[in-house]
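Q: Chains as they are written, first to last, in the working numbering: chain V, 1 to 639; chain G, 1001 to 1245; chain H, 2001 to 2434.
One or more of the hints may lead you astray.
[What the hints assert, rightly or not] Derived lysine-lysine pairs resembling DSSO-like cross-links, with alpha carbons at most 30 Å apart: (1) G/Lys-1044 / G/Lys-1076; (2) G/Lys-1153 / V/Lys-255; (3) V/Lys-30 / G/Lys-1222.
No lab work stands behind these hints: they were computed from the structure. Note that the structure is predicted; figures quoted are calculated from it, not measured.
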Amino acid sequence: MKIISKDDFTDFLNALIGDDSWNVIGIKSKGSKFAFGPLESAEELRLDYDVSLLPPKKYFFPQRETLFTYDLSEGFSTKNPEEPKPMVIVGVHPYDIVALLHMDEIFRETKSDPYYFKKRDASIIIGVNIQRISKWNFSSFMGCDVIDYGYDLMLTDLGNRYAINVGSQKGGELLSKYGKNVTAALARDIQIAGQKKREVMGLSQQKFDFPPELIPELLKDSYTKSGFWEKHSEKCLACGSCVLVCPTCYCFDVKDNPDLSLGHGERIRTWDGCLLEDFAKIASGENFRATRPTRYRHRYFKKGKYLFDRFGFISCVGCGRCSSNCLPDIANPVNLLNDMYHESINSGSQIAASTTEPDVNIQTEGNIDYVPKLATVIKKQPMTSNEILFEIRLDGGSELGHKPGQFVEVSVFGIGEAPISLSSSPTKKETFELCVRKLGNVTTKLHKLDVGDKVGIRGPFGNGFDVNSLTGKDLLFIAGGLGIAPLRSLFNYVLDNRKDYGRVFLLYGCKEPKELLFGDELAESTSRGDVEYKSTVNWCPENETWTGNIGVITTLIPQVSFDPERTIAILCGPPVMYKFVIADLKAKKVHDDHIIMSLERRMKCGVGKCGHCQINHLFVCKDGPVFNYSKIKGSPEAL
Amino acid sequence: MKPKVAFFDFAGCEGDQLQVANLEEDLLALLGQVEVVSFREVMKGHSDNYDIAFVEGSCTRLQDEDRLKQIRKNAKLVVAIGSCAAIGGINSLKNYKDLDSVKKVVYGESGKLFDSYAARPIDAIIPVDAYVYGCPIEREDFLHVVKSLLLGKKPEIVTYPVCVECKKNENVCAFERGQFCVGTVTRAGCNSCCINEGTICWGCRGLVDNPNENSHKEVLIKYGLTVDDAIGKFKLYFGWQEAKR
Amino acid sequence: MKKSSFEVDVHHVTRVEGHGNIYVSINNGAVSKCEWSIPEAPRFFEAMVVGRSWSELHHITSRICGICSIGHTLASLKATEAAMGISISEQDLKLRKLALHGENLQSHLLHLGFLVLPDLLGVGSVVPLVSTNPDEVNTVLRLHRTANEMSNLICGRTTHPQRLMPGGFSKIPSIKELLALRKKLQDSIPSIQAVVELFKSLAVKLPNFKRETEFIALTDPSEYALYDGKIASSDTGSAPAKEYLAYTNEYIVPHSTAKWAKHVRESYMVGALARLNINYKRLSPIARETADAFNLLPMCYNPFMNSIAQLVEVVHSVEDSIRLINELEVAGLKSQPDYNLPTVKVKAGAGVGAVEVPRGILFHDYNYNEKGICTKANCIIPTNQNHGNIQQDMNALVPQIVNKSQKEIELTLEMLVRAYDPCISCSTHVVKIR
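Please model the entire structure based on the sequences and the hints provided.
A: Spelled out as structure tokens, the structure:
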């Protein structure tokens, strides 16, 4: 521990501010509150603050950020944003530092986010121990009120001087370079520092009625608590305030912003929030979390259970910002969880913390790349009035190299990006096929493209089908409507490797005959002799001809005889289909882990970060889109 | 082929058309992408052959309806610009007053010279393809809609309230300053410009699609507004939308 | 001389704000009918504000006009402040004067560049000028942009300004920002001089028409009155603003949804020409030189010269803004809280606010009860006050040009209306239903 007088600290800061190679950010007053902003002089610093309006996360994961700019005028070129200038952030409270450590792990998991880390690596955090505590703060319960790691320098106010703990090499170097008259701490300094910290934390007005370690189990027990979530979310204004001010929230949206010439523009990402009405809405209009109680509940579960299971921390540092910003006062986790605890105890539940800690294993396989590769439309084949089959080749001769069941993010620059399943098998090498339904802005524009036009492709994403686990088995494909598109990638793969598999059945249903996709191709497959194919329509209008089965897809299941022990059922179709098909399969004694399905959600980033495709603890883009039923049957948001 | 655009105005202050003129250099860029065939405030000459019609101002009398229907017939796309055209705007304040006006609606066209009825947005008379909300419109918002239409895409309309933008802009909430704001139920897209300038949101962009009005009114009263004043706040811009709900 | 019979029927005059119609009927070379009429839809603002709170009135009345919304807001605030005895600081007074200059600049430049210039260059709008006279168009756009940036800096926004409120400002610029503005204004002077030169070369195209009339404007012994002053008439003397009704005398005209006004003659004129005629001696130095260069001296009775008077005022507003910023710099800018809300002691009262907006003198007159709720309101718009004068001018002008072609008569009459820079939707803010 070191000591520096307050005057010398002022000089230290002013020296930093005067040195043009640093952006010096500090906590300043704003109205009757406080906010981090650029410091013009050390006088502006308010280390005696209680909490900042927005957490310092905004410097590493900004409200709005350009991912890249594109220029279509000469072919296609992109430019990445400039390197960030080194910055020093002065006055960060311990709970906000811990929040940054949460964000570090989240942004590093699976694929690392270069935009975040470039700024993080170029910055120095000078923390300060809490001198004044907001009445909503409960960071001591979350273990974040006092820390001994995560900062470069940490200040404690001792009256006429600061105690400084050096937390890293670059912190020490900064102090040596710009600080004068820095001495070693005396014994009394250590004791005074300790007393001051304890004093402040004793002033917290929030209190959990139970040990916070119980939170994950308590939540697990309360997912379907009758009326509980409705009661607590009744006054929710869907304003998003609770998540937008949160230091550990990281959901975002990505959109294109063309300029007026339409020839160039930028792709930007902006903060988003799961409490907002349209967060889980897809182009077809379906909203997977349409009601306030479901969205309200999701926030608590993501922070208190799903992230806990993945990273071992409850993703809340007790800063109290959500509580203070919620106008109807329903966002305070302490109130909600206390209420939940008392209700559980009163109803006789036994809640005990799990005896095993989650297994945390953060692997990073390279950086996320948000910049698409350019590709060309080779062929365009209308299939129905709403769907077109595109054949696409990546420019530069590289192969997509996808697995059946994966998807790509298709960009039409200026309009946006949409996730489309791959419809062709990877055995077809130089090109790949996408069956596109005209629904939203991107797909409508895709339909207007011609052969030779360019699109952007990112991916392939998703887990795809585990073809090895299917070898030697009988395969029962069940497709509804557009669901045939992703299944075709596996179906064709199987046909190209036919001897590796047992019997193959394909059941396909649509609303009416004119909606049938790949109809001729599938009918032809029966001529091979090693595939059983049956199709059905819900009804046949008068002006169309249909000689096949009439009825919903489940009416086909009794028409095939298969051995449930040897058969794996592979499903894809509209959300409403799954429940009924699964029920009929289980009636036929098909085991839960013999049922595989491909699900759809709003996949924006494709790498499990933006939050839009999350269903309970799973990310459809990363943990899916292919799921084994036994793995998701416990997830109420899945089906 | 540059699309042909035309500007029309009804009962309004022409502030939104002024905002288009206020695009300054962007106006020249805009003129590079479209052909203006009718903009009475700025040019002589008018053509009935236009693809996109921008309409400002509310419909406040029967004779406006025919003009609107003619515009709808001529145009492929009709865009309502400004709150008066999009949601009724401040004009709808009068809908709560003046029994004479109400009588006019009931009795029809008497007092022909000064005929007037409840102010209404233009989509009460004709179908509208896109909206630019705000009193006045934000220039960026207008350009966003224009760019979307030029790209052949449906302009995204934000469905969340002003709070989202206000929090991102790190404002001190109006309620914390002893003032009363309707931003919690007002459609965002303005980048919380008024709170950024130190005041409150007055609701000029209209209600969000599914506002939790009861909760918001409770918040207003909890923070000290009387019931009448809370209801009065909703009448400023939400007059038509409230009447419809 | 051919004696002809025809009609000039201009439905919705172009390049003016709002909807106005010109109808002239000529029979055998003699004028049988000449009418300036307003079909604009009335909007009932004076009825809408009754029952609303003192804290809201300026926000609502700003929406009377998109172009002079700063002027309406200021007149409204002055009326409320007069009614409740609220005073503002010296600093806020200077900032409000800057706000009005910003509006004057923006409005005059738009009028001169987009609405009047096409007539003088013989085209239908500014659009073809983009290719034929790109330098001039760019100069006007650049100056217009500086004017808007000025309004944005002081008021938050040109149209429907947010920062103006009873008792002061919710937010003020920093001294750094004001000094940067001053530099921009100083740098704009060469561009303004270029515009002056352009109009000098084109001024000969303005019709040489003269008709004696009365002029009414604010006046003040210490400066060219825009924000504060007494009402002055070129025919009679001056009086405090609250006696405005004696001057305006609004009355209803059958062919117009807007009311008309008159004082000691059949009609009177307000606007830049009126201000210049009454306050010429208090123009800033270069503005005075500019007026002299056009031979624009009191009393000028040619309404077409209103546009030139506006050009002179552009020069004056730039010079005077620089002076105001100099004064703020010397006095030192006093800071205020980030989200300022001036405290107001609410009480019953009545007050009048008079302000010169680009188009002329504007009055807002409010009555409040003890709870600060508005019980009565009256707004007299500059363009209302000009409608009568436009009609009288037309009556005098048409016989003088009756032998010209129909197209020329139409253009001349349209130019006459445009010279007044009318704001017609403002002027039809209220109608009392019979």
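Q: Holds or violated: are the alpha carbons of G/Lys-1044 and G/Lys-1076 at most 30 Å from each other?
A: holds (23 Å)
Q: Between G/Lys-1153 and V/Lys-255, is the straight-line Cα distance small enough, at 30 Å or below?
A: holds (13 Å)
Q: Measure nothing beyond the straight line between the CA atoms of V/Lys-30 and G/Lys-1222; if it is 30 Å or shorter, mark the hint as holding.
A: Distance of about 25 Å is within 30 Å: holds.
Of the hints listed earlier, there is not a single one the structure fails to meet.
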